[in-house]
Amino acid sequence: MVKSTSIVLSLAASAVAAPTCTWSSWKNVKNMFIFGDSYTQTGFDVNGTQPNAANPFGNPPFPGYTSANGPNWIDFLATTYNASFIKAYNLAYGGATVDAALVTPYAPTVLSLKDQVQLEYLPRYGAHPKDAPWTSKDSLFAFFIGINDVGNSWWLNNATLYDAIFSEYSGLLEQVYKTGARNFLFLSVPPVNLAPLTLSKDDGGYSVEAEGKVILDWNTRLTALTTAFKKNHTDSNLFVHDTHKVFDDVIKNPKAYPPTSGYKNVTGYCDAYANGTPTWYTKDPSCEYAVNEYLWLNSLHPTFPMHNATAASIAKFLDTQKCSK
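In mature numbering (1 follows the signal peptide of the UniProt record, and there is no 0), the protein residues as written are -17 to -1, 1 to 308.
Read the hints as simulated data drawn from the structure, not as lab findings.
There is no bait here: all hints are sound.
Just the calculated beta-carbon pair ranges, DEER-fashion:
1) L102 - K13: 21 to 27 angstroms
2) N35 - A255: 34 to 40 angstroms
3) A110 - A239: 39 to 45 angstroms
4) A37 - A147: 38 to 44 angstroms
5) S67 - N140: 41 to 47 angstroms
6) K184 - N35: 44 to 50 angstroms
7) D186 - F45: 38 to 44 angstroms
8) F68 - A147: 37 to 43 angstroms
9) D267 - P241: 23 to 29 angstroms
10) D121 - E271: 43 to 49 angstroms
11) A66 - P112: 22 to 28 angstroms
12) P112 - G154: 20 to 26 angstroms
When the alpha-carbon atoms are kept at most 20 angstroms apart in a straight line, the in silico SDA-like pairs for lysine to any residue are as follows:
13) K97 - T162
14) K299 - A239
15) K213 - S150
16) K97 - G154
17) K97 - A84
18) K13 - V29
19) K213 - D146
20) K161 - S119
21) K113 - N38
22) K10 - N35
23) K161 - T210
Beta carbons: idealized from backbone N, C-alpha and C, even for Gly.
Using the sequences provided together with the hints, build the complete structure.
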């Protein structure tokens, strides 16, 4: 039973105003540039093999080094739910926060969103290099960030901190925009307050409720950020996917989405699986269920069926966004 203190974000997936014609459609996306944390990382090296017909992610071999014990949402989105061939330049890095100077990640080697933009994207792809050609119309820039910002700071009750984070976030979007980016996808922070890391705390549900409120605030700020950015950049398209709702739906009812219908445990995890398993469907004798029948691989990271459902939802959402002439 999921604790009744969960915070549900009732934010419909939405585009900020009608898409302009710099967005031709999901089926015409040829390139994606992706920024985020461990929910998104695949281990891409910008100096290695670039995305190509044999491997849309370039390097490492598909599905990459993920936290999902299998493909993650961007793996699924770019290769299963794509409506065209997509080259995916995935700059996400596990443990990332928006800016390490504002919220410290778990290790100093972690590349924050700021690092991903300024140290990797801008010098490598910002000038539209010949080995990675892209245009404003055929490219989508995806951001899935905030899980670690919230997770590493929610108990501080520091609204000023989040003001600073979102100011930095907006500035980074501006830098990406100046390179020609016009189409942006944002994933809201899911209810990680219901992951075992927080759910297992013996505090009468305080942490679940308190972190949930901060997640709600983060997602409200994300919507405000995209609205303000659109106002100042009328030729941009900003799509906010309600990832929070997809996770919340699955936690309440795994059969809400076909990819997660096999889940049998949505609140805990088995220690034997925490660091990954030999196959995506491993059943360890010490565990009640196979690894893919748990929503959570470990205390914070969901298994690949949850990512599959998320990607399917994103593709359906993007497919509804039409250019307004």
